[in-house]
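A.B. asks: Sequence:
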Amino acid sequence: GSPTKGRFTPNGSASPGGKEGSASPQDNEAQGEGDDDGLAVGDYKSMGCTRHRGSHIVARRNSEIEGPPEATPEPCSPAAGSPLCLATASEVMKAIGNLEGILEGADCEACFLSMSTPGKWKAAAVIEPEFEEKKCESMGGAQELREVRDRLLQEGVGIACRKGKKPEQPNQDSFFFADTARFRLCCVADGHGEFGHWVSHWVVRMTLRALLMELANAERLPQDDAVAQIFDVVHKCVKLKAATEGFDLLLSGTTLSIAIVDRTTQQALTAWAGDSRCVCGRPFAGGGSKPEVISATNDHKPQDAEERRRIIGSGGEVIRLPNDVPHRVFVRGRESPGLAMSRAVGDLLAHSVGVNHVPGFKRFNLEERSVLLCCSDGVWEFIKNMEALGVATKHGIAGVGEAVRQLAQESRNRWLKEEVSVTDDITVIAMWGAPKRAHPTAPA
Numbered sequence: 008g009s010p011t012k013g014r015f016t017p018n019g020s021a022s023p024g025g026k027e028g029s030a031s032p033q034d035n036e037a038q039g040e041g042d043d044d045g046l047a048v049g050d051y052k053s054m055g056c057t058r059h060r061g062s063h064i065v066a067r068r069n070s071e072i073e074g075p076p077e078a079t080p081e082p083c084s085p086a087a088g089s090p091l092c093l094a095t096a097s098e099v100m101k102a103i104g105n106l107e108g109i110l111e112g113a114d115c116e117a118c119f120l121s122m123s124t125p126g127k128w129k130a131a132a133v134i135e136p137e138f139e140e141k142k143c144e145s146m147g148g149a150q151e152l153r154e155v156r157d158r159l160l161q162e163g164v165g166i167a168c169r170k171g172k173k174p175e176q177p178n179q180d181s182f183f184f185a186d187t188a189r190f191r192l193c194c195v196a197d198g199h200g201e202f203g204h205w206v207s208h209w210v211v212r213m214t215l216r217a218l219l220m221e222l223a224n225a226e227r228l229p230q231d232d233a234v235a236q237i238f239d240v241v242h243k244c245v246k247l248k249a250a251t252e253g254f255d256l257l258l259s260g261t262t263l264s265i266a267i268v269d270r271t272t273q274q275a276l277t278a279w280a281g282d283s284r285c286v287c288g289r290p291f292a293g294g295g296s297k298p299e300v301i302s303a304t305n306d307h308k309p310q311d312a313e314e315r316r317r318i319i320g321s322g323g324e325v326i327r328l329p330n331d332v333p334h335r336v337f338v339r340g341r342e343s344p345g346l347a348m349s350r351a352v353g354d355l356l357a358h359s360v361g362v363n364h365v366p367g368f369k370r371f372n373l374e375e376r377s378v379l380l381c382c383s384d385g386v387w388e389f390i391k392n393m394e395a396l397g398v399a400t401k402h403g404i405a406g407v408g409e410a411v412r413q414l415a416q417e418s419r420n421r422w423l424k425e426e427v428s429v430t431d432d433i434t435v436i437a438m439w440g441a442p443k444r445a446h447p448t449a450p451a
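All residue numbers for the sequence shown refer to our numbering, where the first residue is 8 and numbers rise by one.
Calculated directly from the structure, the hints in this document are not laboratory data. Ideal Cβ positions, reconstructed from N, Cα and C, are used throughout, including at glycine. It is possible that some hints are incorrect.
Unchecked claim - Derived lysine-lysine pairs resembling DSS-like cross-links, with alpha carbons at most 30 Å apart:
| hint | residue 1 | residue 2 |
| --- | --- | --- |
| 1 | K401 | K297 |
| 2 | K391 | K401 |
| 3 | K369 | K246 |
| 4 | K172 | K424 |
| 5 | K129 | K142 |
| 6 | K424 | K443 |
| 7 | K401 | K424 |
| 8 | K172 | K142 |
| 9 | K142 | K297 |
| 10 | K297 | K246 |
| 11 | K443 | K308 |
To be verified - Label pairs and their computed distance ranges (CB to CB):
| hint | residue 1 | residue 2 | range |
| --- | --- | --- | --- |
| 12 | S296 | E252 | 43 to 53 Å |
| 13 | E313 | G340 | 42 to 52 Å |
| 14 | H446 | R376 | 14 to 24 Å |
| 15 | G148 | K101 | 19 to 29 Å |
Can you build the whole structure from these sequences, using the hints too?
C.D. replies: This is the structure we're talking about:
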């Protein structure tokens, strides 16, 4: 649901959240000079594009880019012995109809997921009031949800998911949080396109189910190839769900970022496709005001050299249009999809030209004095890693609720200052490290 990932209509008007005005500073620097796609931005004279922070764009120039053919890398193979090797997308699909099915057989101590509410027509959804907190479901209903969230605040976990200023769209961000006896899990999915809210809604459910299957009886964090297999299964699942629920994935998709913490060793893993960033840090050891960054995911952007080579080699092109903000992916010589990221779940047209859902990985320790932030780009569009960590570390474990509220509010304020008429949906998950737990099977 991000205006940084929205579309232009063919006549050049922005939808949603376009803004008339001059080019951004980086666009001004490139006018008349060679852009990193090998063409001069100043050559695109027939567009009259509006400045817009969106995930897809449909109006563009007519010339083509020639690029050397390069093979698109295949997703990782599943890990030998991984429980998910025996699972199929259809088996995951059977479990996601309700929360009980998702959690069946899992040793969850706490779990809740955000939810989109169906509208009056097929594939429609209720549009929430601006900046309203997104509805959630939990194992024991509303009362348990309040109790779980209150308890998590005491443990240093705070979550906010707020609807952006987009009158024509529901909140397209989705998330989950879950505790098992050994692992702590969270996920952020930032949907985009006409049906992005349903893509992210189902993707978080599919991801949670697949992770719980993978982690059943696990003695350690999963290997990278097992997590890559989960992302692939989720992509296949959402294609099946789109067919049965009547929403289109051609130009709709979502980011997907997950964090898994082993509560007995404090080891942590983040895996991501897209630009919902996960950043871990701690107060500076020397007592200074700036925090120390321990780990940060890297946004998957099409202008990055390796991503761009893959896209061009697959029949796509990477362009930043006049007066636009991000670089975007197009089918060569066509006006779509205009996706402003190089990896995502769904987005079938973009997948045909080199966009994929293969995740990146980071491993680190989430110790007691460390905090992990997992946020949609409604936060990261105008707030840097260090600033966000500074807010979290300033408030500390006891103030984690105030920290996520402040980050959400400040993100909204900066969107309104920059764009005036539009803000992105905003999701913030802050998770402080906890003392090591005894092994679940250890004797009391």
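A.B. asks: Against each hint, give a clear statement of whether it holds in the structure.
C.D. replies: Here is what the structure says about each hint:
1. K401 x K297: Holds, at about 10 Å.
2. K391 x K401: Distance of about 15 Å is within 30 Å: holds.
3. K369 x K246: Given that 30 Å is the threshold and the Cα spacing comes to 27 Å, the pair holds.
4. K172 x K424: Holds, at roughly 13 Å.
5. K129 x K142: The given pair, whose Cα atoms are some 20 Å apart, holds under the 30 Å limit.
6. K424 x K443: violated, 43 Å
7. K401 x K424: Holds. K401 to K424 sits at ~24 Å (cutoff 30 Å).
8. K172 x K142: This hinted pair holds, its Cα atoms lying about 17 Å apart.
9. K142 x K297: With a Cα-Cα distance of about 34 Å, the restraint between K142 and K297 is violated, given a limit of 30 Å.
10. K297 x K246: violated, 44 Å
11. K443 x K308: It is violated: about 36 Å lies between the C-alpha atoms, which goes past 30 Å.
12. S296 x E252: 43 to 53 Å: Because 49 Å falls inside the window, the suggested range holds.
13. E313 x G340: 42 to 52 Å: violated, 23 Å
14. H446 x R376: 14 to 24 Å: With Cβ atoms ~23 Å apart, the hint holds.
15. G148 x K101: 19 to 29 Å: holds, 24 Å
Of the numbered hints stated above, those contradicted by the structure are hints 6, 9, 10, 11 and 13, listed in ascending order.
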